[in-house]
Amino acid sequence: MKKIFYIKWLPALLILAFLTGCSVDYPNAPGTGYDSGNANFTKYVAIGNSLTAGVQNGGLRQLFQQNSYPALIARQLGQTSWAQPTIADSGTTGSLYLTGFTSAGKPILYAYPGATTPNNLGYANAYDNLGIPTLFLYDFLRATATANNTSWQQLVSGTTNPLIDVVLRGQGTQFAQLKSLNPTFVTFWLGNNDILGYATGGAGLNGNPVDGANSVMPPTSLNDGGVHPALPGFRTMYHQALDSLLTIPNCKFAVANIPDVSSIAYMTTVKLADVDSVEIAPGVKAKVYFAEDPAGDRANIKYYMLSLSSALPTLLANGIGLSPANPVPGKYTMTTAEEAIVKDYVAKYNAIIDSAATARNIPVVDINNLLNRIAAVSGPTGAGYPIGSGIRVKTDYLSGGVFSLDGVHPTTLGYAIVANEFIKTINEYYESTIPYVNLNAYIHQ
Amino acid sequence: MNALLWKFIRTGLCAGLAMLLLADSGRAGGFSIYEQGANATALGSAMVARPWDVTAAFYNPAGLAMYGTPGQWRFYGGIVPVQSMGRFRGMNPSPGADIKDKAVDKFFFPFHMHSAYQINENMAVGLAVATPFGLGTEWDNKNNQYSGRFRSIQADIQSVFITPSFSYKFNDQFSFGAGIDYVYCKVYLERNNPQTFFDGTNTIVYDVAKVKMDGTDNGSFGFNLGAYYKLNEKLSFGAHYKHKIKNDIKGTAKFRQITTGNALVDQRVTDTFNNPLFGGMKQDGNTTIEFPNMAVIGVAYKPIDKLVLDLDYCWVGWKVFKEVVLEFPQNQLTPTSTLEENYRNTYQIRFSAEYQATDKLALRCGYIYDHTPAPTETVNPLLPCADRHDIGLGVGYKFTETFYVDAAYMAVNFMERSTKGRNVDGYNGIYNTHVNLFSLSFGYSFGGK
Numbered sequence: 001m002k003k004i005f006y007i008k009w010l011p012a013l014l015i016l017a018f019l020t021g022c023s024v025d026y027p028n029a030p031g032t033g034y035d036s037g038n039a040n041f042t043k044y045v046a047i048g049n050s051l052t053a054g055v056q057n058g059g060l061r062q063l064f065q066q067n068s069y070p071a072l073i074a075r076q077l078g079q080t081s082w083a084q085p086t087i088a089d090s091g092t093t094g095s096l097y098l099t100g101f102t103s104a105g106k107p108i109l110y111a112y113p114g115a116t117t118p119n120n121l122g123y124a125n126a127y128d129n130l131g132i133p134t135l136f137l138y139d140f141l142r143a144t145a146t147a148n149n150t151s152w153q154q155l156v157s158g159t160t161n162p163l164i165d166v167v168l169r170g171q172g173t174q175f176a177q178l179k180s181l182n183p184t185f186v187t188f189w190l191g192n193n194d195i196l197g198y199a200t201g202g203a204g205l206n207g208n209p210v211d212g213a214n215s216v217m218p219p220t221s222l223n224d225g226g227v228h229p230a231l232p233g234f235r236t237m238y239h240q241a242l243d244s245l246l247t248i249p250n251c252k253f254a255v256a257n258i259p260d261v262s263s264i265a266y267m268t269t270v271k272l273a274d275v276d277s278v279e280i281a282p283g284v285k286a287k288v289y290f291a292e293d294p295a296g297d298r299a300n301i302k303y304y305m306l307s308l309s310s311a312l313p314t315l316l317a318n319g320i321g322l323s324p325a326n327p328v329p330g331k332y333t334m335t336t337a338e339e340a341i342v343k344d345y346v347a348k349y350n351a352i353i354d355s356a357a358t359a360r361n362i363p364v365v366d367i368n369n370l371l372n373r374i375a376a377v378s379g380p381t382g383a384g385y386p387i388g389s390g391i392r393v394k395t396d397y398l399s400g401g402v403f404s405l406d407g408v409h410p411t412t413l414g415y416a417i418v419a420n421e422f423i424k425t426i427n428e429y430y431e432s433t434i435p436y437v438n439l440n441a442y443i444h445q
Numbered sequence: 001m002n003a004l005l006w007k008f009i010r011t012g013l014c015a016g017l018a019m020l021l022l023a024d025s026g027r028a029g030g031f032s033i034y035e036q037g038a039n040a041t042a043l044g045s046a047m048v049a050r051p052w053d054v055t056a057a058f059y060n061p062a063g064l065a066m067y068g069t070p071g072q073w074r075f076y077g078g079i080v081p082v083q084s085m086g087r088f089r090g091m092n093p094s095p096g097a098d099i100k101d102k103a104v105d106k107f108f109f110p111f112h113m114h115s116a117y118q119i120n121e122n123m124a125v126g127l128a129v130a131t132p133f134g135l136g137t138e139w140d141n142k143n144n145q146y147s148g149r150f151r152s153i154q155a156d157i158q159s160v161f162i163t164p165s166f167s168y169k170f171n172d173q174f175s176f177g178a179g180i181d182y183v184y185c186k187v188y189l190e191r192n193n194p195q196t197f198f199d200g201t202n203t204i205v206y207d208v209a210k211v212k213m214d215g216t217d218n219g220s221f222g223f224n225l226g227a228y229y230k231l232n233e234k235l236s237f238g239a240h241y242k243h244k245i246k247n248d249i250k251g252t253a254k255f256r257q258i259t260t261g262n263a264l265v266d267q268r269v270t271d272t273f274n275n276p277l278f279g280g281m282k283q284d285g286n287t288t289i290e291f292p293n294m295a296v297i298g299v300a301y302k303p304i305d306k307l308v309l310d311l312d313y314c315w316v317g318w319k320v321f322k323e324v325v326l327e328f329p330q331n332q333l334t335p336t337s338t339l340e341e342n343y344r345n346t347y348q349i350r351f352s353a354e355y356q357a358t359d360k361l362a363l364r365c366g367y368i369y370d371h372t373p374a375p376t377e378t379v380n381p382l383l384p385c386a387d388r389h390d391i392g393l394g395v396g397y398k399f400t401e402t403f404y405v406d407a408a409y410m411a412v413n414f415m416e417r418s419t420k421g422r423n424v425d426g427y428n429g430i431y432n433t434h435v436n437l438f439s440l441s442f443g444y445s446f447g448g449k
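As given, the protein sequences belong to chains A and B, one line each in that order.
Take 1 as the starting number for the first sequence in my numbering and just add one per residue.
Take 1 as the starting number for the second sequence in my numbering and just add one per residue.
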């Protein structure tokens, strides 16, 4: 009888034990506090250009500025009232909007034609985000107000940059205002525009880096006495800038280098097939002639600028590009030789940044490497760059997820990735533990 | 309270409860479930130096010839139901500290069947059917909300080892065994595919496709060797080596488009699927999974007549598990997809104690420290591996001289495992896993004498 008892009850008891089996809990969330390591993050200020200001879709808008990479870093640092020169939400003049798609699936963009309306010009102190779109390295120590004719852009091209006045408000140079804030930590990211305008302007004809007719801005010379003999070279200016930073007492720094602008969506989006599919009359496609393709076989041309996609129909309608004698101007294309020039400048600027920063014990955030890593796995057959969760981003326009409508500036997700690259470098160098930005918060699912 | 201590106490309580309920004992783990019987489950598989029952067909075939009587058939079979539970907490930057994910509580029913026939005084043959490698991790992806769904929603590896062996007794002290491992292996993987899209304001990630891959390897071969040396009535030694086995999995990958409502994205995905280079919505999907070399040495000691202690050291050559490469030979767009694993060689320490309380009733317990083979960088939702402390408890009851029943429970306590922000794919967080093994086996013998 005893035998039967066991056999009968064993399975039931097993099942009971099964159901009362040990359970498992969710691990605790990591804390939000952080250790400052060898730095002090109580007063953070950002120096830079459009990337630091938070330009997206070709303009500054409050909606996007609130997630500029320095604003994201400031949030991670726990700085709740971090001042930025915000712009009302239509954006600065020329801000781009996506209004729809053509039947061929091409985006239709609208550029805001109205005026730029700053929101907080009356803010009492200097802004904590001192990033100014289209600012050159030269301007950090020198540009004050457009009225004073002190900016690189004014001296070199004669055009003005109204955003200098929006951010600086006539209260001194970027550096002077930075110093007035008594910062304890500064990120410094300038130098991009010293090559970017040249590249996006098609890089000048036939390997000549200073073809004035085709390049908006020539690249800043590496050394003094270059294209503009009266103006200093990149090397001199970068060392001066860092030496100036070091005059700020009790402050630590991180600088960022310059991404290779030939891998941005602005360069890589428009393909030959897009050019050849433009119709000059219903059902009629013309062969388009390019100034930088004298042989007519297009073997010369590496990139077609994003600006070409909107400009081409108008050019063709005006008869431009329809014959070898009247070709599409060189500012819309970049040849392989021109790309090499751009890459060479970027590499040399970055070498200067690296040695100047290293000599002063300042860590360099390698944004160039970050963009190269993403670009290497982009394009239609690229596997994409993993950002966790199995989500992969590419440099591809719209579908890549990290370049905004202008093809040059990041999306909010892109800026969050940039912010994390800064945090990573800062944490490694200063042995701090600033928490990373939660990328998931900038991905809509 | 110290988390480790709490785990131990909780395990103790659970185990105690299980004992009170008379029932069970057990144990399993990530991708290796070495407990192939209720006695082994209770003993933490610390058995290599005491291959006295027919489970030696699996644990050390050298013991078969030593402990059978000529003409005797011995059988031992049962199940080791496995209950696995997992929780995940995300970390910044991805998937984010606000993320809490839950694995579907799963039950598996691995089975085992060990048998032996004693040919004469010196020779025996054995046959073990066992399932020592297997895993199943399925995450709750209700409404496509699981944060790791683009990595892995479900991963199952199942294998069956059929191991015929031969055992030879040189003398009353030394015996040797060798076996062939024939392995059938089955794999199922499921995940979603994402597509990012910038709509002018936000970067959106759409679930654009469901991908399911299943495949089988109908036969791979390995071998195993065992040795047993009995110094005297109190002290014996054992060793067992199981050679690695490479499973070439051939199967099918099936794709199903998930429409997003975004015409442009949907068109792009349709275009990809319709691209002849893609290889079709149903195409070949192959992979290779290698089971590692294992080498166990152990010593068994009887301090008193009724008590047997066994201590084993097990080396596992997990370094073979470098990556899982999924191959899609018909797909020229993405012909391969690689999951980095980079496992390292590792070890287990196993300890067991068995007390013969009465002529009929044996009480057993065991412990395994299982050092994780997975480096921090590759801990992932497919295999949320961690160091494990396994505690087994069990009973054996002899109803007659030829019929007995074993029951066991094992708590497999995975230590909380954090990727520490270093995951190779940037998917960071903390995993908490717990596995319960419950085992019930029956032994029967006839013939001989």
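Because the hints were derived from the structure by calculation, they are not lab data.
We put the CB at the ideal spot given by N, CA and C, even for glycine.
Do not rely on the hints blindly, as some may be mistaken.
Said to hold, decoys possible - Chain B stretches covered by chain A per the calculated footprint, using a threshold of three residues with CB under 8 Å from any CB of chain A:
id, region
1, 79 to 93
2, 427 to 438
To be verified - The following residues of chain A were derived to be distant from chain B, with all beta-carbon distances above 12 Å:
id, residue
3, A83
4, V284
5, A299
6, A419
Stated by the list, open to error - Derived coverage of chain A by chain B (criterion: at least 3 residues anywhere in the stretch with Cβ under 8 Å from a Cβ of chain B; other residues may be distant):
id, region
7, 98 to 110
8, 303 to 310
9, 384 to 392
10, 404 to 412
11, 433 to 441
**Prompt:** With a cut-off of 8 Å between beta carbons, are at least three residues of the region 384 to 392 of chain A near chain B?
**Reply:** Coverage by chain B holds here, the residue count being 7 at a Cβ distance below 8 Å.
**Prompt:** Are all C-beta atoms of chain B more than 12 Å from that of A/A419?
**Reply:** The assertion about A/A419 is violated, with a minimum of 9 Å to chain B.
**Asked** Any Cβ of chain B at or closer than 12 Å to A/V284, or is the non-interface label fine?
**Response** Holds, since 26 Å exceeds 12 Å.
**Assertion that chain A covers the region 79 to 93 of chain B - criterion: three or more residues, beta-carbon distance below 8 Å** = holds (count 11)
**Prompt:** Mind checking, does the region 98 to 110 of chain A have 3 or more residues with a CB under 8 Å from chain B?
**Reply:** Answer holds; 3 residues pass the 8 Å Cβ test.
**Item:** Per-stretch coverage check for the region 404 to 412 of chain A, three Cβ contacts closer than 8 Å to chain B
**Value:** holds (count 4)
**Distal placement of A/A299 relative to chain B, Cβ over 12 Å** = Per Cβ check, A/A299 is outside 12 Å of chain B; nearest 25 Å; holds.
**Prompt:** Are all beta-carbon distances from A/A83 to chain B longer than 12 Å?
**Reply:** holds (24 Å)
**Prompt:** Are 3 or more residues of the region 427 to 438 of chain B near chain A, judged by a Cβ distance of less than 8 Å?
**Reply:** holds (count 10)
**Request:** Check, residue by residue, whether the region 433 to 441 of chain A contains three or more positions whose beta-carbon lies closer than 8 Å to a beta-carbon of chain B, and give the verdict.
**Result:** holds (count 7)
**Message:** Tell me whether the statement that chain B covers the region 303 to 310 of chain A is true, taking a Cβ distance below 8 Å and needing three residues at minimum.
**Reply:** Answer violated; 0 residues pass the 8 Å Cβ test.
Hint check: violations occur at hints 6, 8; the rest are consistent with the structure.
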